[in-house]
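Participant: Chains as they are written, first to last, in my numbering: chain S, 1 to 304; chain P, 1 to 884.
Treat the hints loosely; a few may be bogus.
[Unchecked claim] Straight-line C-alpha distance at most 27 Å; calculated BS3-like pairs for lysine-lysine:
#1 P:Lys789 <-> P:Lys831
#2 S:Lys35 <-> P:Lys822
#3 P:Lys70 <-> P:Lys356
#4 P:Lys280 <-> S:Lys35
#5 P:Lys825 <-> S:Lys31
#6 S:Lys209 <-> P:Lys635
#7 P:Lys280 <-> P:Lys260
#8 S:Lys199 <-> P:Lys822
#9 P:Lys280 <-> S:Lys298
#10 S:Lys175 <-> P:Lys883
#11 S:Lys209 <-> S:Lys34
#12 P:Lys841 <-> S:Lys34
#13 S:Lys302 <-> P:Lys822
#14 S:Lys209 <-> S:Lys31
#15 P:Lys527 <-> P:Lys496
#16 P:Lys650 <-> P:Lys635
#17 S:Lys11 <-> P:Lys831
Hint data in this document are derived by calculation from the structure and do not stem from the laboratory.
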Amino acid sequence: MEKISAETIDKVASIYDNTIDTLDDVLVGQKNVKKVIASSILCDTRSKILLTGITGVGKTTLSNFFAHNFDSLRISVTSDLLPTEVQEQLKAHQSIRLLQLEEFNRASGKVLATFNELFAEGQLTLDGLTCSFNDFYVFATQNNIDISGIFNVPFAVLDRFDVNVAYEDLSFEEKRQLLFGEELKCDRRLNEEDIRFTKSMVDSLVLKKKSEDLLLAMFNIIDSLSYDNKRIFAGSNIRAHKFAIRLAKFNALADGRDYIKPRDLADFINCLYLHRINQSVIKMDDADAKQIFYDAQKRILKIR
Amino acid sequence: MKTSDEVKNNLKLILRNGDIFDNVCLREGVGQRKYSFLKLNILLLSRILYIGVLLGEKIKQYFIKPEKVKKAQDEIRDVLGVNVDFIKYKEVIQEGHDKEKFHIADFGLAILYLDDYVEPNTYIDNLQKILMFADTYHLRKIYLRINDIEDHFVDVDLRDFKIIDLRRMLGGYLETSLNQDLLCLTTDNLRELIKKLKSSNANKDYIRKIGSQIQDLVISKALDDFLFNDDLDTFKEIVTGRLELLLNSDSYYKDKSYGKVIGMVSLNNDTVKVEFKTQKGEIIDTKFMPLWEYLEVASYEELLNDNLIGEEKNLCLLSYLYLFLCNNKKKGNRPDFVYSFYDKIYKRFELKRKKKIKKIKGLYSKKYKNYRNLTQYYSSFVACALIICLIGAGGASADFIKGYITNKDSNISENLFNNLFLPYKYSLKLEFELLKDPIYYINKNVVEFIDNISSSTGDSYDYTFETIMGDVKTLDENFELPIYFATNYATDSIYKEGNIQYSTSFPNTFIIEDAEPLFEVSRRLNKTILKNLISDNRLDVFRTFYPVGDNYALISVRLEDLKNGNTFVINYERFLKNGNYLNSQDIDYLLSFNDPQITYTYGISQKDQNIFVDSLQNNKVYTGGNSNIQNSIIKGLGLSEDASLEDILKAIKNKKYSRTPIYDHHLASSIKLMDENEYFETIASMDSLVCNLAATLAVESTDDLIYVVGYLDDGDGYLSSKESHAWAMNTKGDIVDVTPSTVVSEEDNIIIDILSWGIKNNIHVYTLMAFIANVLRKKFGKKVILNLKVMKFNDLLNNPDIFEAYAKINEVLYGGLNIPRKSSKEALVEKINSDFVGFSKEELDSLKEALKQEANNRLAIKLVDSFPFIRDNFNEIKRILEKK
Numbered sequence: 001m002e003k004i005s006a007e008t009i010d011k012v013a014s015i016y017d018n019t020i021d022t023l024d025d026v027l028v029g030q031k032n033v034k035k036v037i038a039s040s041i042l043c044d045t046r047s048k049i050l051l052t053g054i055t056g057v058g059k060t061t062l063s064n065f066f067a068h069n070f071d072s073l074r075i076s077v078t079s080d081l082l083p084t085e086v087q088e089q090l091k092a093h094q095s096i097r098l099l100q101l102e103e104f105n106r107a108s109g110k111v112l113a114t115f116n117e118l119f120a121e122g123q124l125t126l127d128g129l130t131c132s133f134n135d136f137y138v139f140a141t142q143n144n145i146d147i148s149g150i151f152n153v154p155f156a157v158l159d160r161f162d163v164n165v166a167y168e169d170l171s172f173e174e175k176r177q178l179l180f181g182e183e184l185k186c187d188r189r190l191n192e193e194d195i196r197f198t199k200s201m202v203d204s205l206v207l208k209k210k211s212e213d214l215l216l217a218m219f220n221i222i223d224s225l226s227y228d229n230k231r232i233f234a235g236s237n238i239r240a241h242k243f244a245i246r247l248a249k250f251n252a253l254a255d256g257r258d259y260i261k262p263r264d265l266a267d268f269i270n271c272l273y274l275h276r277i278n279q280s281v282i283k284m285d286d287a288d289a290k291q292i293f294y295d296a297q298k299r300i301l302k303i304r
Numbered sequence: 001m002k003t004s005d006e007v008k009n010n011l012k013l014i015l016r017n018g019d020i021f022d023n024v025c026l027r028e029g030v031g032q033r034k035y036s037f038l039k040l041n042i043l044l045l046s047r048i049l050y051i052g053v054l055l056g057e058k059i060k061q062y063f064i065k066p067e068k069v070k071k072a073q074d075e076i077r078d079v080l081g082v083n084v085d086f087i088k089y090k091e092v093i094q095e096g097h098d099k100e101k102f103h104i105a106d107f108g109l110a111i112l113y114l115d116d117y118v119e120p121n122t123y124i125d126n127l128q129k130i131l132m133f134a135d136t137y138h139l140r141k142i143y144l145r146i147n148d149i150e151d152h153f154v155d156v157d158l159r160d161f162k163i164i165d166l167r168r169m170l171g172g173y174l175e176t177s178l179n180q181d182l183l184c185l186t187t188d189n190l191r192e193l194i195k196k197l198k199s200s201n202a203n204k205d206y207i208r209k210i211g212s213q214i215q216d217l218v219i220s221k222a223l224d225d226f227l228f229n230d231d232l233d234t235f236k237e238i239v240t241g242r243l244e245l246l247l248n249s250d251s252y253y254k255d256k257s258y259g260k261v262i263g264m265v266s267l268n269n270d271t272v273k274v275e276f277k278t279q280k281g282e283i284i285d286t287k288f289m290p291l292w293e294y295l296e297v298a299s300y301e302e303l304l305n306d307n308l309i310g311e312e313k314n315l316c317l318l319s320y321l322y323l324f325l326c327n328n329k330k331k332g333n334r335p336d337f338v339y340s341f342y343d344k345i346y347k348r349f350e351l352k353r354k355k356k357i358k359k360i361k362g363l364y365s366k367k368y369k370n371y372r373n374l375t376q377y378y379s380s381f382v383a384c385a386l387i388i389c390l391i392g393a394g395g396a397s398a399d400f401i402k403g404y405i406t407n408k409d410s411n412i413s414e415n416l417f418n419n420l421f422l423p424y425k426y427s428l429k430l431e432f433e434l435l436k437d438p439i440y441y442i443n444k445n446v447v448e449f450i451d452n453i454s455s456s457t458g459d460s461y462d463y464t465f466e467t468i469m470g471d472v473k474t475l476d477e478n479f480e481l482p483i484y485f486a487t488n489y490a491t492d493s494i495y496k497e498g499n500i501q502y503s504t505s506f507p508n509t510f511i512i513e514d515a516e517p518l519f520e521v522s523r524r525l526n527k528t529i530l531k532n533l534i535s536d537n538r539l540d541v542f543r544t545f546y547p548v549g550d551n552y553a554l555i556s557v558r559l560e561d562l563k564n565g566n567t568f569v570i571n572y573e574r575f576l577k578n579g580n581y582l583n584s585q586d587i588d589y590l591l592s593f594n595d596p597q598i599t600y601t602y603g604i605s606q607k608d609q610n611i612f613v614d615s616l617q618n619n620k621v622y623t624g625g626n627s628n629i630q631n632s633i634i635k636g637l638g639l640s641e642d643a644s645l646e647d648i649l650k651a652i653k654n655k656k657y658s659r660t661p662i663y664d665h666h667l668a669s670s671i672k673l674m675d676e677n678e679y680f681e682t683i684a685s686m687d688s689l690v691c692n693l694a695a696t697l698a699v700e701s702t703d704d705l706i707y708v709v710g711y712l713d714d715g716d717g718y719l720s721s722k723e724s725h726a727w728a729m730n731t732k733g734d735i736v737d738v739t740p741s742t743v744v745s746e747e748d749n750i751i752i753d754i755l756s757w758g759i760k761n762n763i764h765v766y767t768l769m770a771f772i773a774n775v776l777r778k779k780f781g782k783k784v785i786l787n788l789k790v791m792k793f794n795d796l797l798n799n800p801d802i803f804e805a806y807a808k809i810n811e812v813l814y815g816g817l818n819i820p821r822k823s824s825k826e827a828l829v830e831k832i833n834s835d836f837v838g839f840s841k842e843e844l845d846s847l848k849e850a851l852k853q854e855a856n857n858r859l860a861i862k863l864v865d866s867f868p869f870i871r872d873n874f875n876e877i878k879r880i881l882e883k884k
């Protein structure tokens with residue numbers, strides 16, 4: 001495989017910067033959210049993103065923005081939604097590039113099974129017929145406080161989501177801007193070509209052994225959370241790690257590098273692994289889990 | 001009539017306010033009084049006021065009468081009928097880690113009730129009285145001792161109330177025996193507490209109520225006895241016995257292996273011990289359980305269940321009565337104790353007054369005192385600062401700035417020092433001396449005193465207070481005493497930061513000659529100096545005063561103890577024999593001197609030269625002779641290049657004399673920056689000189705003069721520090737003293753100069769300003785310094801190559817391709833912080849080393865140096881950068 005040239009890296013970086021700039025026009029604040037989403041979108045063409053937050057923080061705004069950029073389908077999930085309804089709708093939109101799922105955690109078991117198949121295999125089985133889909137993004141939103149009509153989304157389904165983006169609390173200035181400032185207007189659009197380009201770059205970036213060792217060391221730390229102290233199943237599995245590598249690679253490129261630094265992963269471990277904790281096995285406080293991940297983050301940053 | 005009144009009023013006005021001329025003059029500021037005396041008085045009074053405050057405190061202390069307060073408290077106690085203490089709010093120091101502050105009664109009064117042992121009912125009555133009193137007079141806090149309540153009542157739950165200890169409440173030190181836990185109650189709390197106490201009060205009525213329900217003849221008889229004679233112990237014994245009997249009356253059980261067994265029950269307080277025995281008396285099992293559990297009821301209160309009937313009810317009631325009596329504590333033997341805390345303190349106060357004890361324990365601690373003083377200090381400082389700042393700061397700062405601008409040569413710190421510190425020092429000294437001996441100083445010596453203090457700013461050493469170095473006494477009345485007494489001569493000179501430093505030496509040959517003694521110089525020593533003089537078994541008497549002039553020589557050295565007249569003499573004979581060596585006997589003898597004095601006796605040598613001059617000739621040390629310096633001096637003096645030595649010396653001598661020439665010329669700071677030639681040129685060009693500078697100029701401008709230090713006697717019979725002098729000498733012993741003889745200004749006017757200068761410059765305001773500046777520096781200094789540091793760091797960030805440097809650091813650290821990404825400064829700082837937050841100092845050092853070897857990028861190394869700073873002050877840096 002060819003070595004990536006400096007110009008290419010520069011281009012990836014500028015695409016990333018542009019994307020962040022564009023997102024700045026969509027959403028006030030939420031720096032980390034933007035970073036995670038931009039990276040996830042640009043590093044792969046079939047990222048599945050779960051947006052978690054209380055009402056009114058801009059989950060739907062963001063997913064709507066992406067929906068406008070791509071050929072998309074929006075399904076508002078309710079507890080009485082039937083799998084056949086989902087299948088019907090999807091069947092009619094086989095060429096979609098983005099699937100928008102509103103209030104995902106209201107889905108009933110059967111609907112979740114349908115989604116599971118769709119996410120995992122990129123196909124649906126309907127009356128014995130299988131219809132397959134191209135690569136598409138998934139933007140699912142869920143409200144973590146609402147309790148009416150909520151099902152526990154099984155671990156297997158949650159695991160299909162590459163990242164779970166939790167919205168942050170707004171700072172004072174951000175609140176002021178939201179409430180009294182000008183309304184944001186975004187005229188820019190994302191370019192599909194760019195995304196394909198960045199994805200291919202991520203694919204073609206071959207890591208040196210030093211970077212690989214670094215990544216393995218980081219994964220070891222996260223794995224050790226699962227297996228060593230038996231307290232927490234940190235959701236670290238090969239699928240998660242694979243996506244983590246993509247994200248790390250992309251972030252290195254976006255920073256103008258062809259090697260990995262601890263920071264490339266440390267920033268993302270909450271999004272990558274927190275939702276993969278098996279809630280049915282361990283009843284754990286969210287804050288506890290976050291603390292454990294925070295500690296892990298600190299350990300990761302100390303890797304040399 | 002009306003007009004005449006108006007006229008009267010107008011005339012009064014003119015009389016009061018002055019005529020038009022006066023008013024115009026006042027308005028224009030012409031001929032205004034200068035209030036110099038007022039200012040001078042304020043200068044002095046400020047300190048006298050301080051003494052006044054101190055005296056005032058003492059007087060106030062004398063007039064404070066604790067008896068009055070005691071009487072007041074006693075009178076209230078009489079009305080109230082309870083022995084309570086009244087506490088006024090006290091500031092409480094925060095102690096230890098507990099940040100909670102206890103305020104008593106919100107700046108009002110509170111009641112402390114420590115009880116004599118009284119009946120529970122009386123106690124409750126007392127509390128009710130206190131409650132009423134507190135309600136009537138709006139006392140919001142009541143303090144009760146927890147032990148009192150626990151002694152009187154059973155099972156009172158005090159968890160709802162706040163508990164503090166007496167020591168903390170009074171904020172002072174309390175000996176442990178006095179300290180106790182208190183309940184801190186509001187009136188509402190007290191009401192609640194009274195309710196609780198009433199319900200749990202173990203009084204006779206309650207025992208009667210329960211006892212009368214028990215249908216048992218023994219118990220009812222015992223109850224009657226108890227109600228009659230109050231003998232609780234006997235009653236309890238009877239109840240216990242009866243209960244045990246009842247419990248054991250039906251105690252046969254069936255056991256699987258042993259068959260019929262007997263359960264023997266014994267009581268101990270609320271616990272039951274059940275021993276299971278076979279009929280043969282063999283113990284097979286022992287159990288302990290609470291009584292109510294044995295009776296198979298859920299709890300203690302359950303024993304009063306109304307649903308029970310017959311014998312079972314009897315048993316339960318009896319058990320209840322028994323448990324009640326168990327928990328009802330007996331009157332203990334309590335120590336004899338003055339229960340009122342304040343009574344105790346007052347008692348000690350009276351004992352102290354009668355001088356039976358030395359110290360009253362349990363009063364305010366030192367810590368508390370300091371704390372109070374601190375608040376006073378701050379408040380007085382703030383008040384003072386406000387007033388004086390408002391009135392004087394504007395004008396004063398203007399003066400100060402003007403002074404600074406006109407005085408460009410000196411730097412700001414020196415200027416501050418000159419303007420603030422020195423005058424303050426002088427005025428303090430002046431007052432001190434005036435206080436010490438007013439008549440003496442107000443007399444003619446004021447001039448001398450001022451002379452002294454002005455000399456302390458000179459560039460020679462500080463000889464503010466005159467120290468007498470030696471008494472000169474003539475032994476032959478016709479003999480004229482020498483004036484110059486040399487001590488050392490220069491062997492080498494070094495120029496260093498505006499100062500010529502001479503290394504000096506004294507002659508090391510010592511001749512004692514038999515000659516007629518003419519005069520002597522004696523010097524008082526103390527024991528340590530004497531000890532220092534005796535070193536290596538020798539008496540180091542060379543450090544003497546060498547009279548310069550004729551062939552003066554030392555004849556003898558005499559040490560005497562002024563206390564008892566013991567003497568020790570080294571004369572010619574002794575010196576020939578032993579030199580100045582001492583044997584151990586001599587040393588012991590000398591060290592026993594209590595008030596030693598050393599006396600050198602001189603005469604005129606017939607053979608040899610003066611010992612000092614002789615030494616100069618033998619050693620031939622000249623420090624001068626540098627042609628560059630000579631040229632500089634000639635240039636500075638304004639002479640032509642071919643000027644002779646005589647011209648030079650004359651030019652120096654013709655200058656004026658001032659004790660503080662460098663200070664007068666505002667050169668004190670700038671002279672330090674000059675090189676040697678500049679220095680000499682500057683010194684030579686000054687209008688006025690002091691002796692050592694004049695001598696230096698003379699010595700350096702030729703190559704056959706020697707710099708000599710010693711004393712120039714003014715004929716007063718003693719050599720003092722004030723008479724210390726420097727001059728030049730040639731090897732023949734001729735004195736070349738070029739010290740100017742014309743004095744700069746009339747010394748008599750110095751006092752007026754200094755005082756008016758001090759008053760003019762508002763020295764107190766300056767001192768205050770310096771003080772405020774110091775406080776501000778302490779408060780905001782860190783912030784300012786951080787800002788400066790960030791500004792410096794900002795310069796680094798503004799470097800266009802900074803992003804390349806950062807990329808380089810990463811490249812060295814991780815290897816591989818790294819294209820510098822140019823973003824904002826803030827983003828870079830954030831990135832640095834996140835990337836390098838975990839790096840230890842060693843790791844950063846090794847990174848720097850690697851950078852040096854691999855990339856040799858100076859900017860990158862500089863950036864790495866700033867990493868710890870970024871990490872420590874990340875938030876502040878970010879904020880400051882964003883502001884900019």
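Participant: With reference to the structure, classify each hint as holding or not holding.
Facilitator: A quick look at each hint next to the structure:
| no. | hint | result |
| --- | --- | --- |
| 1 | P:Lys789 <-> P:Lys831 | holds, 19 Å |
| 2 | S:Lys35 <-> P:Lys822 | holds, 18 Å |
| 3 | P:Lys70 <-> P:Lys356 | holds, 20 Å |
| 4 | P:Lys280 <-> S:Lys35 | violated, 88 Å |
| 5 | P:Lys825 <-> S:Lys31 | holds, 17 Å |
| 6 | S:Lys209 <-> P:Lys635 | violated, 77 Å |
| 7 | P:Lys280 <-> P:Lys260 | holds, 11 Å |
| 8 | S:Lys199 <-> P:Lys822 | holds, 23 Å |
| 9 | P:Lys280 <-> S:Lys298 | violated, 75 Å |
| 10 | S:Lys175 <-> P:Lys883 | holds, 20 Å |
| 11 | S:Lys209 <-> S:Lys34 | violated, 30 Å |
| 12 | P:Lys841 <-> S:Lys34 | violated, 34 Å |
| 13 | S:Lys302 <-> P:Lys822 | holds, 26 Å |
| 14 | S:Lys209 <-> S:Lys31 | violated, 32 Å |
| 15 | P:Lys527 <-> P:Lys496 | violated, 36 Å |
| 16 | P:Lys650 <-> P:Lys635 | holds, 15 Å |
| 17 | S:Lys11 <-> P:Lys831 | holds, 20 Å |
In summary, the structure is inconsistent with hints 4, 6, 9, 11, 12, 14 and 15 from the numbered list given earlier, while agreeing with the others.
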